[in-house]
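Enquirer: Turn these sequences into a full structure, and let the hints steer you where they fit.
Using the UniProt record's numbering, read the sequence shown as starting at 1 and increasing by one per residue.
These aren't lab readings, by the way, just hints derived from the structure by calculation. Glycine included, every Cβ here is placed at the ideal spot set by N, Cα and C. Some hints here could point you the wrong way.
Stated by the list, open to error - Derived DEER-like restraints, expressed as beta-carbon distance ranges: (1) L160 - Y118: 25 to 31 Å; (2) H176 - L83: 18 to 24 Å; (3) K114 - I142: 18 to 24 Å.
What the hints assert, rightly or not - With a cut-off of at most 25 Å between alpha-carbon atoms, the simulated PhoX-like pairs for lysine-lysine come out as follows: (4) K174 - K141; (5) K92 - K174; (6) K167 - K135; (7) K5 - K141.
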Amino acid sequence: MEGLKVHILGSSFVRRLMFFTGCSSLLRTEHMNVTFDGRSGAVIPDFFDSELNISYIPDVVFIKLGENDIERFSRTEILANILRLVITLKEKGVRHVFVCQLLPRKSTRTMTPKQFYYGKRFINRRLSRLFHGQKGVTFQKIRKFRNIYMHRDDVHLSNLGNRWLLKNIISLVKRHIQ
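Expert: Okay, structure coming up:
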């Protein structure tokens, strides 16, 4: 684990995680070199060009994307975009790619929360099947999500939620990477 390079990429979830006050103290004890690429409002295609040209190859990439895509792309396009990003990262030499489940959202711009829920559920189920048994790729359902992890905006994670997500990421990396 010493010196393991972990890259976490995603939308505003990751951007907020970067600035979470407990982040550095949690990571310091794990001896991981963690970098973040969090972009507010990001959708999966936003990462195609930049991830094709990453200047260093991390050992592990954790993808936390997809929620913003549900309102903009078809389910098939979202699945294809995630697969394209995973394949690109693996071809670049990333040892293990984690694709995180899409998390709930109570507030949306162009659809009802129920429509968002069904889109999220469909994509999570398909991703789980798609990556099941794949070497070097894990679809990760993050357990024990609770409403108190949500920020009052009903879209992002609270500080408690950020701590929960970061601990889950650390635990996943430790469990899957020897």
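Enquirer: Each hint needs a verdict: does it hold in this structure or not?
Expert: Consistency of the hints with the structure:
1. L160 - Y118: 25 to 31 Å: 27 Å, holds
2. H176 - L83: 18 to 24 Å: At 19 Å between Cβs, range holds.
3. K114 - I142: 18 to 24 Å: Given a distance of about 22 Å, which is inside 18 to 24 Å, the answer is holds.
4. K174 - K141: 16 Å, holds
5. K92 - K174: Holds: K92 and K174 sit about 22 Å apart, inside 25 Å.
6. K167 - K135: 23 Å, holds
7. K5 - K141: This hinted pair holds, its Cα atoms lying about 22 Å apart.
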